[in-house]
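Build out the structure end to end from the sequences listed, making use of the hints.
Which chain is which? The protein sequence lines are A and B, in order. The working numbering applies: residue 1 is where the first sequence begins, and numbers increase by one. The working numbering applies: residue 1 is where the second sequence begins, and numbers increase by one.
It cannot be assumed that every hint is accurate.
Here are the simulated BS3-like cross-link-like pairs (lysine-lysine), alpha carbons at most 25 Å apart as the crow flies [stated by the list, open to error]:
hint, chain 1, residue 1, chain 2, residue 2
1, B, Lys134, B, Lys115
2, A, Lys84, B, Lys115
3, A, Lys84, B, Lys134
4, A, Lys84, A, Lys101
Label-pair ranges, simulated between beta-carbon atoms [said to hold, decoys possible]:
hint, chain 1, residue 1, chain 2, residue 2, range
5, A, Thr215, B, Pro120, 31 to 37 Å
6, A, Gln279, B, Ile8, 44 to 50 Å
7, A, Arg95, B, Pro120, 30 to 36 Å
8, A, Ala157, B, Gly136, 36 to 42 Å
9, B, Lys115, A, Pro122, 26 to 32 Å
10, B, Ile32, A, Thr99, 37 to 43 Å
11, B, Leu15, A, Leu57, 43 to 49 Å
12, B, Lys115, A, Arg320, 34 to 40 Å
13, B, Ser27, A, Gln309, 48 to 54 Å
14, A, Arg95, B, Lys115, 30 to 36 Å
15, B, Ile20, A, Gly184, 32 to 38 Å
Bear in mind the hints are in silico, worked out from the structure with no lab data behind them. Beta carbons are placed, not taken as given, at the ideal position from N, Cα and C, and that holds for glycine.
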Amino acid sequence: MIEIRQTSPLNTVQDLGRFGYRRYGIGTAGAMDGLALAAGNRALGNAQNAAGVEFQLFPATICFQRDAAIALTGADCAATLDDKAIPPWWVLPVREGQTLKLSAPMRGARTYLCVAGGIDVPEVLGSRSTQMRDAFGGLSGRYLSAGDVLSAGPHAAFRFRDSFGFGIEPPESALTPNLHDWAGENEVVLRVILASEAPQFDDASLKAFKTASWTITAQSNRMGYRLAGPTLRRPDPTEMRSQAIVQGVVQVPPSGQPIVQLADGNSAGGYPKIAYILQSDLWRLAQSTPGRTLRFSVVSLDDASRARQQVSQYLNELARFSSHCRMQVGR
Amino acid sequence: MSEKLHRITAIVDLLRRHGIGAFELSSPDESIKWTFEPIASAGACDALTPPAIAESDLVEIVSPGVGTFVARHPAMSRDLAAVGETKREGECVALIQSGRIYRPVVAPFAGAIVKRLASPGDVVDHARPLFLLKRGNAV
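Pasting the structure below:
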């Protein structure tokens with residue numbers, strides 16, 4: 001039992017998303033940084049897709065009404081447990097009555113709280129993610145508010161090898177090449193594959209797309225990010241019919257300034273698509289805040305597939321190494 | 001069995017942290033006895049081991065296991081503990097990386113970090129001294 005003592009709006013229960021219902025106009029929702037959520041779950045021995053809490057507005061205070069095991073992943077929000085500092089990407093036991101405090105991250109945007117057994121809210125259409133637009137899923141289809149109580153699902157009992165818990169290596173240091181610069185001195189690099197309407201843009205625009213620096217504007221949230229940079233021109237401005245779109249698609253509206261559709265994005269749209277960001281790189285965007293600059297790097301489908309394999313190997317290694325830090329109880 | 005082993009290593013850690021040289025635990029069906037060389041001479045072959053410490057208010061913070069010494073978490077912008085900084089009992093002062101995992105190095109007492117005895121990237125053994133901690137709140 002986890003009591004939310006204090007929270008800002010916009011914090012929700014999320015798993016990896018609701019798939020298979022886009023044709024009915026129902027988007028996936030799910031964690032913006034799905035890799036952080038999956039990593040926290042694997043480190044706890046949960047199913048990768050177990051639900052956790054996504055925090056994107058701070059501060060937040062959580063009180064544990066029962067002993068539990070938790071993982072904090074994603075942005076480092078200078079967490080404290082009963083005023084004792086908890087390093088980022090940390091997996092630890094908590095005792096009944098302890099208080100966890102999360103502050104606004106210095107770097108990064110979103111922090112995930114996973115619990116052993118996962119957050120136990122009802123599955124709706126195969127997922128526990130909060131679908132804000134249609135107000136279902138998660139905890140009653142809404143943002144968390146002070147006084148909410150969440151429970152953890154069943155899980156095998158274990159104890160920690162170190163009473164302080166253990167850390168897991170974050171993706172920016174585990175995945176190569178390191179394309180993510182938390183300090184903000186360099187651009188965050190996002191790998192893309194070109195989309196079907198890319199050839200409709202003029203050469204200068206295509207070149208600008210691939211080489212320019214793009215700034216994340218303040219109009220960026222779970223639905224999508226609007227980017228600012230050189231104007232991308234499509235000589236034949238004929239409007240297209242709406243068609244299915246997916247998370248990570250980069251669309252170019254008539255303004256010539258790209259939009260990236262994200263977790264709570266539309267299920268269909270008619271803006272021309274210039275590229276798709278690799279699913280394996282979406283966490284980098286999810287952790288980039290307005291004002292950060294991005295660069296796109298065009299890669300092949302084979303590269304995309306290798307990137308995906310690398311992520312899945314990383315998660316498997318986390319699970320394997322983490323299992324040595326937890327000891328089964330009652331054997 | 002793993003449960004029992006876990007308890008034994010936990011007891012070893014406690015004995016080392018508190019500088020206890022000998023300890024015996026008996027129950028009706030088993031008994032176990034630990035004896036330690038003093039910390040300062042136990043690691044005499046290690047060039048980085050500090051000379052014997054005369055003042056009893058200085059405590060070594062030792063590595064919880066084998067791995068690479070990490071002073072700064074890759075997602076943080078500063079070291080977990082700086083020389084001169086005061087730490088509370090049980091606070092994390094550094095990490096030992098092994099594969100994708102970091103084990104915590106924690107302060108056994110409240111006190112000030114007097115010296116760091118290992119460099120980031122060093123591969124360290126179990127119980128290798130990593131910091132000197134001065135008991136109490138002042139350096």
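Hints, verified against the model:
{"no.": "1", "hint": "B:Lys134 / B:Lys115", "in the structure": "9 Å, holds"}
{"no.": "2", "hint": "A:Lys84 / B:Lys115", "in the structure": "22 Å, holds"}
{"no.": "3", "hint": "A:Lys84 / B:Lys134", "in the structure": "20 Å, holds"}
{"no.": "4", "hint": "A:Lys84 / A:Lys101", "in the structure": "10 Å, holds"}
{"no.": "5", "hint": "A:Thr215 / B:Pro120: 31 to 37 Å", "in the structure": "34 Å, holds"}
{"no.": "6", "hint": "A:Gln279 / B:Ile8: 44 to 50 Å", "in the structure": "45 Å, holds"}
{"no.": "7", "hint": "A:Arg95 / B:Pro120: 30 to 36 Å", "in the structure": "32 Å, holds"}
{"no.": "8", "hint": "A:Ala157 / B:Gly136: 36 to 42 Å", "in the structure": "39 Å, holds"}
{"no.": "9", "hint": "B:Lys115 / A:Pro122: 26 to 32 Å", "in the structure": "55 Å, violated"}
{"no.": "10", "hint": "B:Ile32 / A:Thr99: 37 to 43 Å", "in the structure": "38 Å, holds"}
{"no.": "11", "hint": "B:Leu15 / A:Leu57: 43 to 49 Å", "in the structure": "46 Å, holds"}
{"no.": "12", "hint": "B:Lys115 / A:Arg320: 34 to 40 Å", "in the structure": "36 Å, holds"}
{"no.": "13", "hint": "B:Ser27 / A:Gln309: 48 to 54 Å", "in the structure": "51 Å, holds"}
{"no.": "14", "hint": "A:Arg95 / B:Lys115: 30 to 36 Å", "in the structure": "33 Å, holds"}
{"no.": "15", "hint": "B:Ile20 / A:Gly184: 32 to 38 Å", "in the structure": "48 Å, violated"}
Hints 9 and 15 from the earlier list are contradicted by this structure; the remaining hints agree with it.
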